[in-house]
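> Note that the protein sequences, when read in sequence, are chains A and B. Going left to right, the first sequence walks through residues 1 to 266 as this note's numbering numbers them. Going left to right, the second sequence walks through residues 1 to 423 as this note's numbering numbers them.
Be careful, since some hints might not be right.
Covered stretches of chain A, going by a simulated chain B footprint (3 or more residues, C-beta under 8 Å) [stated by the list, open to error]: (1) 100–113; (2) 119–132.
Only some residues are given here: those of chain A computed to face chain B with a beta carbon under 8 Å [unchecked claim]: (3) Arg-140; (4) Gln-216; (5) Phe-219.
No lab work stands behind these hints, which were simulated from the structure alone. Fair warning: this is a prediction, and the values are worked out from it, not measured in the lab. Glycine included, every Cβ here is placed at the ideal spot set by N, Cα and C.
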Amino acid sequence: MSTLTKSGTIKPLPGPVHVDSVKAAETIINITNLQFAWRRDVAPVLDIAQLNIVQSERVFIEGPSGSGKSTLLNLLAGVATPDHGKLKVLGQNLGEMSGAERDRFRADHVGFIFQLFNLIPYLSVVENVTLPCRFSRLRRQKAIQNGLNVAAEAMRLLTHLDMNDPDLLGRPVNELSVGQQQRVAAARALIGSPDLLIADEPTSSLDANLRESFIQLLFDECASRDTTLIFVSHDPSLEKLFGRTVRLTDINRAEKPSIHVLQWGK
Amino acid sequence: MMSIYALAIKSLLNRKLTVLLTVAVISLSVTLLLGVERIRHEARNSFTSTISGTDLIVGARTGRIGLLLSSVFHIGSAENSISWESFEAISSNPQVRWAIPLSLGDSHRGYRVLGTNDDYFNHYLYGRGRSLQLTDGQRFAADDEMVLGSEVAEKLGYKIEDHVVVSHGSGEFSFRDHDENPFTVVGILAPTGTPVDRTLIIDLAGIEKIHADSPLQGSDHDALDVFLKGVDKHDHVNEPEQITAFLLGLKSRGAALGLLRTINTYDKEPLTAAMPGVTLQELWEAIGVAEKALLAVAAFVVVVGLFGLLATLLTSLNERRREMAILRSVGARPHHLFGLMVGEATLVTLSGVAVGVTLLQVLLHVGQPLIASRFGLYIQGVGLNTNQLLLILLISACGALIGFIPGYRVYRFSLADGMTVRI
């Protein structure tokens, strides 16, 4: 794990967190013998024997294109379900939940940040940030507990992410810089204090300076809320910022298909 | 679901141009459909309410529908007249309770002039048995006095004691004025919503007088009179030689069929008698096919409008897959996205319907005088009738159903793309 220094740089916390040392009670994600294929008649794209992630942990998941990163995220978010094995998130076995239950679970407990273009263009900055509270009563209640109301909590988060300039807030979101858009996306993912924050290559469009300061902001926010951060990227240079790295090429036992065929989801 | 509709509104506002065009297409098609339905309904209402309590209409030998249209609705003109003797003979039938002679053929600035007698005010009924009422003045008592329909008085600005000159023929532009015999306005009728509003009513004796006193002695005027009205100026004034038609009220409705047969086989003169209700029914049957065809065309235009909406929504779907994936990532469930699509379709349809209904009301309000003067059709006030409300409900429901198609596709996309779509 890592911590913020006074100078603002990120200092990794000592040593990787070994799976064996994680106590069961603290485990927030528990994967055991998980297999997933997009179709029954093709080989699995994901085959993971064991992966545990504990609460408040900041995990860097690294792997090249086609290594199964997006598939793993879809599984963790409950969009897809494992064909075999066990996938528990926050103590809930996602494989045993109905689609509607998984949808509600995701809305209540998971925040997402994507690589680019991840804001709704026809909504204002504050409306984009408060969007998750439209779909989750739990996150709305948590947001209200943190602030006076949902919009006030959005403003608090935006201020913390240095996005409180009225000129910026009044602009259409697609006129914001890439870095500003990512900070809005981070505020949106963090509103209502989700238990799990999944960041899918959120810094690939940022230059090196912005990249580190953005990750620093994420760490800071996650630390203040005990939020578990799963940071996915194919950029190994970021690895040093995180206390723990999971290389999908190491843990995914599935054979890499020569042609990746996308099918309708299951 | 309220937040989904709020999102739908914002999403639609983000695509103003295509949405506005779609709303315009739907609103125009709604205006057309509701307009056709309204005019169809009003035409029937207007015709049905024009005559009430009259058991038979009698005129020269012609078609029943033509006789009804020319004598009561003042649409077209009678080709032949009937003799005063025939009128007197038939009206003296013991079954007849009252008889109203009608003499048409002259006009004033595009409005028809009707020659009749006091019985017209005593017995003519319209709507649900309402009799004519004067808002100002009195009935005519002399052959140079005139009573005006409400619209004539209002549009031409006439008031009591004004002088009016009538002209030959029924066109808007006169080639022959009876300016030697001006009439004095003595009464103005209350509005009826029937062709009476657009009529100048004078005594039959007045009709006779203007033709008898014409300064054009000799062949020109005689020939014109005989051609147009069959009036012979050399006969004695105040007792007309011929009239255009007459209305009969009978003592018993059951006698109508017998008298109808008697008149249709009248041996002194070829006559046609028609029962107004039956003839109106024949008229509806005659124009029913055209009505249905018009309604069908208008309905197809609405269908085309709704297909336009479907095309707009479907073509935007691929561009919006990322938007849907983002919504999924922030907690929207597939049914939310389905609801978003249905909500957008419903909102566009409802907007189109609202604009269409408003446009129709404005058009009817502005165009009512023109419709009345050109087609003799009186649109009664604004508002929507039951048929129109049902059509609006149907169109709105179809609009919402149209949203199910892109809604289903988005539902499928959302399951397939998850939250990692990159387009």
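> Run every hint past the structure and note whether it holds.
Each hint tested on the structure:
1. 100–113: holds (count 7)
2. 119–132: Result for this restraint: holds, n = 8.
3. Arg-140: violated (10 Å)
4. Gln-216: Result: violated, 23 Å to nearest chain B Cβ.
5. Phe-219: Because about 21 Å separates Phe-219 of chain A from the closest Cβ in chain B, which is outside the 8 Å limit, the hint is violated.
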